[in-house]
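Protein chains in written order, with our numbering: chain A, 1 to 410; chain B, 1 to 410.
Treat the hints with care, as some may be off.
Which copy is meant is left open, because identical chains are indistinguishable; a pair holds if it fits in one copy or across any two.
To be verified - Heads up, simulated DSS-like pairs for lysine-lysine below, C-alpha to C-alpha not over 25 Å straight-line:
#1 376 to 403
#2 211 to 403
#3 96 to 128
#4 96 to 360
#5 403 to 375
#6 376 to 360
#7 128 to 360
#8 403 to 2
Honestly, the hints are just simulated from the structure, not real lab data.
Keep in mind the model is a prediction, meaning the values are calculated, not measured.
2 protein chains.
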Amino acid sequence: MKEANGGVTAPGGFRAASAAAGIRYTGRDDMAMIVSDAPCHAAGVFTSNVVCAAPVRWDRRIVRESASREQVRCVVVNAGIANACTGQDGLDACEKTAEAAAAALGLSRDQVLLASTGVIGSPLPVDKVTAGVRMLAEQLSDSPEASEAASKAIMTTDTVRKEIAAACEIGGKTVTIGAISKGVGMIEPNMCTMLCFVTTDAAISCDMLDKALRYAVRDSYNMISVDGDMSTNDTLVILANGRAGNPEITGEGADYDTFAQTLRELLIMQAQKHAADGEGATALIEAHVVHADTDENARLLAKSVINSMLTKAAVFGHDANGGRILCALGYSGASFDPDQVDLTALGEAGEVVMYRAGAKVDYDEEFATQVLSGKKVTLLCDMHAGDAQARAWGCDLSYDYVKINADYRS
Amino acid sequence: MKEANGGVTAPGGFRAASAAAGIRYTGRDDMAMIVSDAPCHAAGVFTSNVVCAAPVRWDRRIVRESASREQVRCVVVNAGIANACTGQDGLDACEKTAEAAAAALGLSRDQVLLASTGVIGSPLPVDKVTAGVRMLAEQLSDSPEASEAASKAIMTTDTVRKEIAAACEIGGKTVTIGAISKGVGMIEPNMCTMLCFVTTDAAISCDMLDKALRYAVRDSYNMISVDGDMSTNDTLVILANGRAGNPEITGEGADYDTFAQTLRELLIMQAQKHAADGEGATALIEAHVVHADTDENARLLAKSVINSMLTKAAVFGHDANGGRILCALGYSGASFDPDQVDLTALGEAGEVVMYRAGAKVDYDEEFATQVLSGKKVTLLCDMHAGDAQARAWGCDLSYDYVKINADYRS
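One chain only, chain A, in its complex shape:
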């Protein structure tokens, strides 16, 4: 994958904006808009939580219907209030927001996707949001700065903004993909996580766009976890406006593979940023399971390790506590022979084998502490059972995670 500069405005024909609508935060932008100059093919993946926010219901309808999913032009996002558990009022707020954007941009309301993030249960202040939409529509720009500002405006407990872009060659044309995203708490690897907006100038049919997105999400956003809590608002949408001029991708083949692989690598890099910035995190944890018997088991095992509170606390304490990792593998739901497992920790300081064939190795504790003291710790689990492998990403569990979430509403 060839990284490119910028984010959602890197692909041709996309503009972005941010604005301070005063929804819940003061002194900062809290709304963002992404607009394509031409109608886009859209695809999306959303939370599988039974309790889902009003904007998730709005978007689901649009990306599922063939009439609307080929005509999307705009995404409106607000931070501060999630518009979840808000009943009919919440759905009405979505309608009014989309109508305001449609009026400001000369679109129909079904060309507008919506996303919200923040506190659950509070009503969305519709007047502030629609005023924000009008401000956004006047400030749209295709500059890298506009994408940067949008990536900042959607942050809640994020400490760093998350933006990425990549380019690839398809049919002799340069196709660019860009993304901005947010979300570092209430994150669980069972669906796309929190909010992620992807733009591309690729020409691709809705069906193949949807297929590429699901392929890419499986190994990226579905493999990260901060706290095992699946949000009510998780939304990942991709808009493709065709401006690159490549022959439209309408089926499998080399062009589809190039696009899907680029999207996959881009989303893997972007998803890791969420785990690394997990609430209170001091380290990114990568669980890399190799030589598992099946792909499904490799995924179960890797996810179980990054979700283990005891493993997360051990990494925070720079403690090479392989027993907790073995324990987490053991309750993952995957069956395996514990007497075959090798465990190795890898960090900036080097690597240390903690367990070999299921038994603890007599390693140097001081060096092991160094290995576990970097910004990224990889826990390599060799199951010696087959050829399948998987990677999952999480973060350590610190005092600050507790602080952030005990105080969040106050």
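Start from chain A and add chain B according to the hints.
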């Protein structure tokens, strides 16, 4: 249920002892022994973790084989080292421990059950353990103090010892049940949790004892969680020596019901002590799901709430954050109509309705904070979907949980 004084020595014909074997702790007892004067019918439930400790393998064999499960006389427990992930050496250590107990008490080694708790991966120092076994055998007593001392000796990160006894009438005789247990971390509601030893003087067949135990565990130890990490060592065994002189319970009926209900209530009370003493906990959280459509869904929903890190952190912050509870219900795996759900928090200060019909109620935040500030917080979730109900118990997530688990080995 009629509570009785004492613990494992409350039923007739049982003695207990504790000793300081210096396995890992200094200045405290770290081994315990329970002995019945007569052969016992035994039943047990154990961790379902693929990675299970050597003593779990030892006990499983004994309680599964009809020859050995009718002749059990002794349980030997050590705290400090889990004897898990220790390979063949770990199994050899079990054999030597059981042989030492058998020699000291004039038994065969298959009459001895074993349990260990503590650090995973370290070898059990067999010489110290067998010396401890000999000390224990010389100090056995049927006094309440002996049970009390045993309940202290098996503690690791527990801050309070956990002991209980109850009596009931069966066939005109008084039957007593007693228990000691430990375990406040690496606890997950998918199996019996950590170590629990139950004695009874009831006369009951092995099959009916096993049936009563599984019935009682389902609503007690399988419904608590501290951190979602299922241990490698979870062990709950019950020994019945028949000394009460009741007509032996060999099938279903009034006598079985009395015994099973008493055991169930006793284990529910005992299990709650583990959740309340959860590592770093400042409050016991009870999730009480009512009017769910099915029993299975009620259980899934209740467990999901007590396992939600965000809900746990909110309770630590005394924050009536009903949105996080609704969110946890939503990703439980149970399907329901979110627009029907009422949420109420109950504490020592009173009760506060947080959500009604899926929408946030405008309650007094200051009073809500008071409700969530007690030692026990009940989160009542009314699904308005049927007649099923379930209760699950957990605890809040505090700075001290992180501290305890980041520093545990050092």
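Task: Violated hints - listed by number, lowest first - done: Result: hints 2, 8 break, sorted rising.
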